[in-house]
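Q: Sequence:
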Amino acid sequence: MRPARPFSRLLKAFRLKSARLLIIATLVTIGAGLSWFEPPFILQAREWVWDEMVRVKPRAWDPGLKVRIVNIDEQSLAAHGQWPWPRARMARLVDSLKDYGARAVAFDVIFAEPDRTSLGNIFDGLRRDVPGYQPPLDAESIARQPDNDAILAAAIGRIPTVLALSVEETESPNGSRPLANLPRVEFERRKDQRYLAGFPGAISALPILQEQAASNASIDPRVDPDGITRRAALLYKVGKRTVPSLAAALVLAANGGGVTALTRQPGLRAIAIGSTEIPTDRYGQMRLYDSGSKPGVTFPRWMSCRTACRMTR
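Quick note on numbering: the sequence shown equals residues 0 to 312 in numbering that gives the first Met the number 0.
Simulated from the structure, these hints should not be mistaken for laboratory data. Take these hints with a grain of salt, some might be off.
Unchecked claim - Result set (DSS-like, lysine-lysine): computed pairs, CA atoms no more than 30 Å apart in a straight line: (1) Lys190 to Lys239; (2) Lys16 to Lys65; (3) Lys97 to Lys65.
What the hints assert, rightly or not - Computed spacing ranges between beta-carbons, pair by pair: (4) Glu112 to Arg54: 25 to 33 Å; (5) Arg189 to Leu287: 22 to 30 Å; (6) Ile68 to Gly156: 16 to 24 Å; (7) Arg189 to Ser165: 25 to 33 Å; (8) Val66 to Val129: 23 to 31 Å; (9) Gln74 to Asp107: 18 to 26 Å; (10) Glu112 to Leu76: 49 to 57 Å; (11) Asp137 to Glu210: 28 to 36 Å; (12) Gln133 to Val108: 30 to 38 Å.
Because the structure is a prediction, the values reported are computed rather than measured. Glycine included, each C-beta is placed from N, C-alpha and C at the ideal position.
Start from the sequences, fold in the hints, and give me the full structure.
A: Dropping the structure here:
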């Protein structure tokens, strides 16, 4: 029969076990606190881990992706002249993409001002800049000439087209241009709109263009404090209205359906566009998972504008 251990040994064992439990409880408490409060150094460390994972294992590239980016490159400028191009030429581009079989078109440039290359605007500029200049046409004849903005408006009315806007951090002294044709966004909880990035106004396209567009949409990136873009907001708040991102609006224009902001506690958990549900953080931002670059590979999602906007003769 074993002799009973002295009291001191029992006390020592109890203290050792208690110390271990205290250390474990402290670590668990610290971990839970860091997870809950998310101090900046923890968030930054998490982003660095994500960056390294994307570098080591980028997203698998899908060669069958049915997206084409029309690139205004040096060859395009050499073929069609300096930028900005006349809106009538942009209209020809839209019609060409429709003929190629595009289901929807999106512009990441903002047509905020009237086209200065419309004939009436050219004559007005010459009158201001050249003393005594008289146009070769009378005012009535000039008024009958085609207006480039009206030509582009007609073209984007023939195919679902998304036009770009850019949000403003401060209210414009003259107020923002009213936004037309924004898609209706349903919120499971209306108060969740407050989690979206909010802005007082936006720089947007001309009203004549907005009226024919499928939607207006934001082209503003969400950049982290270290200068890297790791997320893309799918929805913004401009004034009291909800504005989609260019990508979200293009998916909606191509596939139809509606937009629903799905709730979690607190904030959002996903944005549903038609039948597609896109997971987001509580602020309506999806995390970007880059597929990386592929040297020597002709990426079929790119198309030179020299090819896409060939002019018929």
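Q: Each hint: holds or not?
A: Consistency of the hints with the structure:
For the hint pairing lysine 190 with lysine 239, the CA-to-CA distance comes to about 12 Å; that is within 30 Å, so the pair holds. Of the supplied pair hints, the one linking lysine 16 and lysine 65 is violated, its CA atoms being roughly 62 Å apart against a limit of 30 Å. Annotation: proposed proximity of lysine 97 to lysine 65 holds, straight-line Cα distance about 14 Å (limit 30 Å). Checked against the given bound of 25 to 33 Å, the beta carbons of glutamate 112 and arginine 54, roughly 41 Å apart, lie outside it.
The hint said 22 to 30 Å for the Cβ distance between arginine 189 and leucine 287, and at roughly 28 Å that hint holds. Distance hint check for isoleucine 68 and glycine 156: the Cβ-Cβ separation is about 23 Å, which falls inside the suggested range of 16 to 24 Å. In this structure the supplied range 25 to 33 Å holds for arginine 189 paired with serine 165, their Cβ-Cβ distance being about 26 Å. Our hint of 23 to 31 Å for valine 66 and valine 129 is violated, since their Cβ atoms are close to 47 Å apart.
Between glutamine 74 and aspartate 107 the Cβ separation comes to about 19 Å, which falls inside the hinted range of 18 to 26 Å. The beta-carbon spacing between glutamate 112 and leucine 76, approximately 20 Å, falls outside the hinted interval of 49 to 57 Å. At roughly 30 Å, the beta-carbon separation of aspartate 137 and glutamate 210 lies within the given 28 to 36 Å, and the hint holds. Separation of glutamine 133 from valine 108 is about 35 Å and conforms to the stated range, judged on CB atoms against 30 to 38 Å.
Hint check: violations occur at hints 2, 4, 8, 10; the rest are consistent with the structure.
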